[in-house]
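If you're matching them up, the sequences are chains A and B in order.
For the first sequence, my numbering assigns the number 28 to the initial residue and increments by one for each residue that follows.
For the second sequence, my numbering assigns the number -4 to the initial residue and increments by one for each residue that follows.
Honestly, the hints are just simulated from the structure, not real lab data.
Everything numeric in this text was worked out from a predicted model, so none of it was measured.
Glycine residues also receive a C-beta, built at the ideal position from the N, C-alpha and C atoms.
Keep in mind that the hints are not guaranteed to be accurate.
Claimed, not checked - Among chain A residues calculated to face chain B with C-beta under 8 Å, some are: (1) Lys42; (2) Phe53; (3) Leu82; (4) Ser105; (5) Lys113; (6) Ser115; (7) Tyr117; (8) Asp119; (9) Leu120; (10) Leu305; (11) Gln306; (12) Lys307; (13) Ala308.
The primary structure of each chain is shown beneath.
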Amino acid sequence: MADVELHNIVKTYNKGEVKAVNDVSFSVNEGELFGLIGADGAGKTSIFRILTTLLLPDSGNASVSGFDVIKDYKNIRSSVGYMPGKFSLYQDLSVEENLNFFASVFNTSVKENYDLIKDIYVQIEPFKDRRAGKLSGGMKQKLALCCALIHRPKVLFLDEPTTGVDTVSRKEFWEMLKRLKQQGITILVSTPYMDEATLCERIALIQNGKILSIDTPDEIVKQFPENLFAVKANDMSKLLNDLRKNNEIKTCNAFGEFHHITFQNDNENSHNELIHILQKANHQNIELKHITPSIEDCFIKLMN
Amino acid sequence: MKQFLTFVRKEFYHVFRDKKTLLMLFGLPIVQIVLFGFALTNEIKNSKIVICDYAKDEATQQIINKIEASQNFDIQKTLFSHRQIEEAFKAGNIKLAIIFPANFNNDLSHLHQAQVQIIADASDPNTANTLTNYATAIIMDYQQELMKNNVVPFRIVPEIRMLYNPELKGATNFVPGVMALVLMLVCVMMTSVSIVREKENGTMEVLLVSPFNPFLVIIAKAIPYLLLSIVNLSVILILSVTLLDMPINGSISLLFAESILLIITALSLGLLISNVAQSQQAAMLISLMGMLVPTMLFTGFMFPIENMPVPLQVICNIIPAKWYYTIVKSIMIKGLGFSAIWKETLVLFGMTVFLLVVSFKKFKTRLV
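Whole structure, please, built from the sequences with the hints as guidance.
Structure representation (structure tokens):
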């Protein structure tokens, strides 16, 4: 059964000038870890705010746990957990005071649902008397997650929970989400980091308010239509220029250590031909290998 | 209920942990009372004067005693010759000289008329004017005392009577004004800023996505400021009674009840502002411009409303502080009871209900 459903949701700002969400439909199954992947300004936060009843959509309808986001907004508000993209706890209250406050706002107590947050809370417990504003980025996110979980929500909305958090904390955070999933909580998470997409069960790639593709990360990768190659040489910027000038190359994108390319005519000959051309252009230590595309490759492909 | 109490406690944490705001909250009324009480008053106290008494009789002695007893004058010296007067003025800091001619008492008792000369340093005309008025008042006062004893049929003495404020104390006028000002400022500004702060910090977003009733959020926010304002009010009253010798002739409980009504008016106004303002600065500016200036100008404690052109007088009527000012003056100075101020109370009450309804209607249960 679908826990979160959106049908043709449209949301515009500035009297229709800016189309933030453009005809978006998808559904999240019960107990699923669903990722909304897209760059900044893609419309992720708008979708989250519509689902958490903070914004009204211009058209279309949506429901969370079977409740309509417009008519039954009160039911949704008491049954979901929401963690906004910006750190939104009271900076001048201590860790413990924040947690107690949110527990009582949701008519519960920390004790009642301690088992749910225990794994996360023990990590910040040593700092429980510290003001929330004085915590590190990762700690803040853990506290915010605790506060969003304290009333044992059925659906958890996490808007860019790992933005601005260091790599180690990000990894920990995703492990926590996996454990929460095991508790049967439906989780909708958004992120601009493509590498986090593979940690979700299903993902929706979103760009300029439009959904590009919805599937499991594996399926999305499988749907990549061509063979993808990675090229490397000593002078990477010159290499990028040369590759882009070459008519045989269909696409070429810089990806950290390598440039990812696809060929117009993908065969053994064209590969050798490319290496030959590059050698002629004085490139040294040329390396060309076949690779499996990442979500980012797929995203760029879908974008164009 | 437990929810609500937790919320109120949280608001108190906010208030007490924000040291700067707290200092402002309690510093503001004290500074205002002291400033208005001592610095910004048009009363002149302890001006240095000299007296030249040629008569040295019973009558002059009694008048001089009266002058000495007055807080406005501080007799520097008694001169023996009027030649010394100009020197005294030139030496500076002498504002006034009073000269009694010889045979003062004789003239007064036999001719029923005596003269006294008052010379003022008119380089500051306002001060000179005020001081001569003070001196004339004292002499008139003495004359009247004489009248009681002697039956003098033909003298016409203009009777000057200052109702409620015989000594023309400035404090009686501005203390109610400062009370209105401080209450309006603290309540309006603090509520609007604290609600907008929740919006700015994003905590409102989290609070909205909770079963908590948004109206309770507002009421919970108002409670700490209500209590703080009552504390502030008490501080103002204590200061004005002890420091400024201000009377409280009416019922104190009635005074507090009326003040709480104004506080609620101010809180609902603050709430209304918080619905409009998008940032804490904007909220602060709107409350300052919307509250401070009109309260100062249109309440009547700085500029008499009667002197204003009609359109401005109409504007005065929509300023809650104006009504409160009238109420406080009636209770504190005139010592009147509720029957005398029920109209003003009703107007204030009506404003409160109106503002509350509008602000609750306008309160957004969603973002934007």
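Each hint, compared with the structure:
Annotation: interface hint on lysine 42(A) violated; nearest CB of chain B at approximately 12 Å, more than 8 Å. A hinted interface residue such as phenylalanine 53(A) counts as satisfied when its beta carbon comes closer than 8 Å to some beta carbon of chain B; here the least separation is about 21 Å, so the hint is violated. Hint on leucine 82(A) holds. Least Cβ distance to chain B is approximately 6 Å, under the 8 Å limit. The closest approach between the C-beta of serine 105(A) and any C-beta of chain B is roughly 4 Å, which is under the 8 Å cut-off, so the hint is satisfied.
This hint holds: lysine 113(A) has a C-beta 5 Å from the nearest C-beta of chain B, less than the 8 Å allowed. Hint on serine 115(A) holds. Least Cβ distance to chain B is approximately 4 Å, under the 8 Å limit. For tyrosine 117(A), the suggested interface contact is upheld, since its CB lies about 6 Å from the closest CB of chain B, less than 8 Å. This hint holds: aspartate 119(A) has a C-beta 5 Å from the nearest C-beta of chain B, less than the 8 Å allowed.
For leucine 120(A), the shortest C-beta to C-beta distance to chain B is roughly 6 Å, which falls under 8 Å, so the interface hint holds. With its C-beta approaching chain B no nearer than about 51 Å, leucine 305(A) sits outside the 8 Å limit, and its interface hint is violated. A distance limit of 8 Å between C-beta atoms decides the matter here; for glutamine 306(A) the minimum to chain B is near 56 Å, and the interface restraint is violated. Because the closest C-beta pair between lysine 307(A) and chain B is about 57 Å apart, greater than 8 Å, the hint is violated.
Restraint check, alanine 308(A) versus chain B: the minimum CB separation of about 53 Å is more than 8 Å; hint violated.
Checked against the numbered hints above, the structure breaks hints 1, 2, 10, 11, 12, 13 and satisfies the rest.
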